[in-house]
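Visitor: So the chains spell out like this:
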Amino acid sequence: MHRTGALYGQFKTLEQQKDTATLGMWIFLVTEVMFFGGIMLAYTINRHTYFHAFAMGSNTLSLGLGGFNTVVLLASSFTMAMAVWSSQTSRKRLITLFLSLTILLGFVFFGVKYVEYAQKFHHHLVPGKNFDIFYCVNNPTKCEDIDAADMAKEKEELEVAAKADPDLNAHAQLYYSAYFGMTGLHALHMVIGAGLLFWLLKESVAGKFNAEWNNPVDIVGLYWHFVDIVWIYLFPLLYLIDRHK
Amino acid sequence: MQSPLPTFPDQASNFAGNVDALFSFILMTTLFFAVLVTVLIIFAAFKFRRRSEKEVGDDVHGNNALEVGWTLIPTIIAIGIFAWGAAIYVNYRIAPKDTLDIYAVGKQWMWKLQQPNGRKEINELHIPLNRDVKLILGSEDVIHNFYVPAFRVKMDVVPGRYNTMWFRPIKTGKYHFFCSQYCGTNHAVMGGWVTVMDPAEYAAWLSGESGDVNPAAAGERLFTQFACNTCHLANGTGRAPSLNGVFGANVLLADGSTVVADEAYIRESILQPKAKIVAGYQPVMPTFQGLVTEEQILNLTAYIKSLQSQPVPAKGAGIAPSSAGKK
Amino acid sequence: MREQTTGPAPQLPEKHYLNATYGIRSWLLTTDHKRIALLYLASVTFFFFVGGFFAMMIRLHLLTPSGLLLTPDQYNRMFTMHGVAMVFFFLIPSIPAVMGNFLIPLMIGAKDLAFPKINLLSWYVYVVGGMFTLWAMINGGLDTGWTFYTPLSTVYSNSAVAPAVVGVFITGFSSILTGLNFLVTVHTMRAPGMTWFRLPLFVWAHYATSIVMILGTPVIAITLGLAAMERVFGLGFFNPAMGGDPILFQHLFWFYSHPAVYIMILPAMGVISELIPTFARKRLFGYHFVAAASLAIAVIGFLVWTHHMFLTGQSTYAAVAFSFLTFIVAIPSAIKTFNWTATLFGGSISFDTPMLYAFGFLGLFLVGGLTGLFLGALGVDINIHDTYFVVAHFHYIMVGGAVMGYLGGLHFWWPKITGRMYPEWLARIAAFTLFIGFNFTFFPQFILGIMGMPRRYHTYPPEFQIYNVMSTAGASILAIGYLLPMVYLTWAAFYGKVAGDNPWPATGLEWKTQSPPLTENFDVTPVVTWEAYDFHNRPDLGLDVPAGKGSPVVAPAHGDD
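Protein chains in written order, with our numbering: chain A, 1 to 245; chain B, 1 to 327; chain C, 1 to 561.
Keep in mind that a hint or two might mislead.
Beyond 12 Å from chain A on every Cβ pair, some chain B residues (computed) [to be verified]: (1) Asp-20; (2) Thr-287; (3) Phe-288.
Stretch by stretch, here's where chain A covers chain C in the computed footprint (C-beta under 8 Å, at least three residues) [to be verified]: (4) 108 to 114; (5) 198 to 208; (6) 333 to 339; (7) 481 to 492.
No lab work stands behind these hints: they were computed from the structure.
We treat Cβ as the ideally placed atom computed from N, Cα and C, and that holds for glycine.
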């Protein structure tokens, strides 16, 4: 199909084109909800069945890092919304600025996530042969990033949990499978989102977006907000429920 | 009986007659509609065949009365069939009291079956005529399914949990049983024979040579080995409720609800003791997940069942008042 | 239409989508929905014959009770790969991705689908998924059953489970993209005057199908994703030895795979809703009810999935509730069947090949649908669950229903797709061969099920042999029935008689443009002023509308000009 200016050949008007693109993105987001829904269901059922192991899993996550990342993502949603507003009001410089900020915040998120993942790796909390929920408690010298008070608390909690669930290690591994599965899938969506943002940035530097033509900013914005909302669900599911109870 | 085109197998259990009756009812009903629609189509195709190249049909949009009619009538019939089917199924899923309990374990690709007195069989099952038989099904590896066509019953055998199925054989003879859930290479040969015997013959067969240990006795040994007996004191003064007479009774839970102490409840209590706490007790029991094998759980269950006839202590049995009073 | 004597013989148009551009690149990089449909046609046909080959091996092997030519492991691979190829790579994409793709824009008067590039992407995704699965089939095979039940698939199987599952996972996204494209297209791309209730029922059926595709497919994607991770990295969600639950896998699997049955049958129903009015020259009886029935099937179809799990030990009450809903989902299909039958009354019925397929569909779908009542009835299901009764039942729906609809549609639209007519008598013979071969193959399997023969058996007790022999004999007839259309349709695409724009004649917008259509579909965007299947107010069709019939506003009272 040939393209005339901003209008692709299969459409009659720009308005029709915009409606179509927006509807398409909304329907895509519906499929994403179902996609994340499957793994969240598996997580919830297991959380119910292996309550102690999953609560223990939550306890080993860093509330500070998770909370910080939540704030970062919310801020990035704000800058994204501002980018959409700037494009709708033809403020070309601001579009570039807000898109850059959004990308920057996205990378801050990745950075924090990297720190978290690396920590889990050092603490032997990555599912597989080396998985050991007792590793830090048994080898405190290898986990110097955990301060003494936290370590004592973790030891106490582990003892209680291990009594209640003799197969604690296997079930904690289920928790971490879900943790890496869900956050990994979320991070993959962020990577795709960041790619789209870079493309938007390139186009916006070329001055392509204005009040007449801003579909891409609009629908990438929808996508970015969605990825943000997924995190808003993941954060309480993984970090907050029954923490230190 | 050796017809060249065989159809239904023998009706050898209490369910067979009813299942076949419902089958025949659905067959007659659907046959009626199938023939009706087919005759209408053939009639219309003949009567309204095109007679000239440029002919068109009538200009009809539809008929709301007809639509309502052919929506409501099938709905009513469908609900009737549903109700009949549900009645059979509910009867099948809820086993009667006082059954002959047989433990069946499926593994790739054989069945191990064990009589209440401990006699074990492989791919063979002997049962007495006219006695309610309950199979308690466990799997050591993948999902299997125990299916006896002549009894018209089957049930999946799922690793990590127990399923039960029951039936009452009403005809002596030898019948096929199959594994009907695909389970790998030799799925098709994972079957054997059910032999239904006269009760006297069965008793003779049962007392025949067998070096197998009675599961309840094995369970009693395990009860000591896992130190269950240190808390579950028979006189009800221990840290955990007495198990005398618990099996089959209603147990009052800490949250005020009651639950029937069946095989699934006992299994759950061994593997996840925290799931249901008996009223008046602390959640102190550790789980035995990963520590006991399927067969050991079966033995423990058999032992707890054997305590059914033991005197129930006045206090500390955890049995709900109404059923305790009945005892 | 064959006796058309007046006027010169029709000629192929000078310019159309097939000769607009040339070369392999012009096909592999095309964004034209019609060309993409043909790419899909070639690929699903390939997988159909792959799956058909496995089916033939299965039937040959089962000639004798001890099995004729395969080892148990080989046999298990055959039926698994038959199922995977047919379900995921033929049935699910067949009608939507081939005919839906080709026809939806034409039927609603659009120049293309809403997202042509995504449409092309969906084909590539399909091909990549297909490659993975083919590689698994060649390199180690697959022996888990197409249902991939855990822990057999994730722990115990010694076959190439991971690449096969990844292949199916990837192909799922092709289905999601197609569904998304259809939904958006139907919402925003309709020509002026093409209101929702003027849409052909083929479009309604695809609309309903697309809803199922976008809501169900992501769930199987994440489920198979987890299963693949479990196989490769040893995660334990579905593995009881690690605390997981194999029944959870079944719930998630059937949450998609039951609705997937409607992905296969709804489009076929859509095709039948086109064929019957066209060849009876009469409006479809109860248009609104048939459209609503499609949506009802799509919605209720999501609420019946545990009827595949009645005997897993699930809660008795859940089973009762799901059995009830299973009977309810049967009602819309019954409504459709009655409406199709009523359409025939007062029509002007011809017996061209597509109509023969429609009759075949009606008969086989009737048997397939009604035997579903046996399986939905809990009491009877205890006996015939997982037996050959189930095998026969779903083949009557999937093959008797979906494939009959697919072939009927292919014959009906072949003149539109290629501009040329298939050989009528050969096609009629093929349709009869298929119908007879099909019944011969699958009817005996109902009786095998009643006798208690379980599914997926490479060897069986001798009392089952007679029906297995019948079934294998029927399968050979069926195989000929499938080869015939493949040969003569291919021949007709190049050498068939030129068909003309509207050979039947039919009322849809797709017949208002040339055959084969232009790349842009229409010279001028059409304006729709008529309802679907209205033969009486369409003087352009050149039919004899009796005096006094038809609206005088659109056509003169004598109806002939």
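Visitor: Next step is simple, just say for each hint if it's right about the structure.
Guide: Hint-by-hint comparison with the structure:
{"no.": "1", "hint": "Asp-20", "result": "39 Å, holds"}
{"no.": "2", "hint": "Thr-287", "result": "6 Å, violated"}
{"no.": "3", "hint": "Phe-288", "result": "7 Å, violated"}
{"no.": "4", "hint": "108 to 114", "result": "holds (count 5)"}
{"no.": "5", "hint": "198 to 208", "result": "violated (count 0)"}
{"no.": "6", "hint": "333 to 339", "result": "violated (count 0)"}
{"no.": "7", "hint": "481 to 492", "result": "violated (count 0)"}
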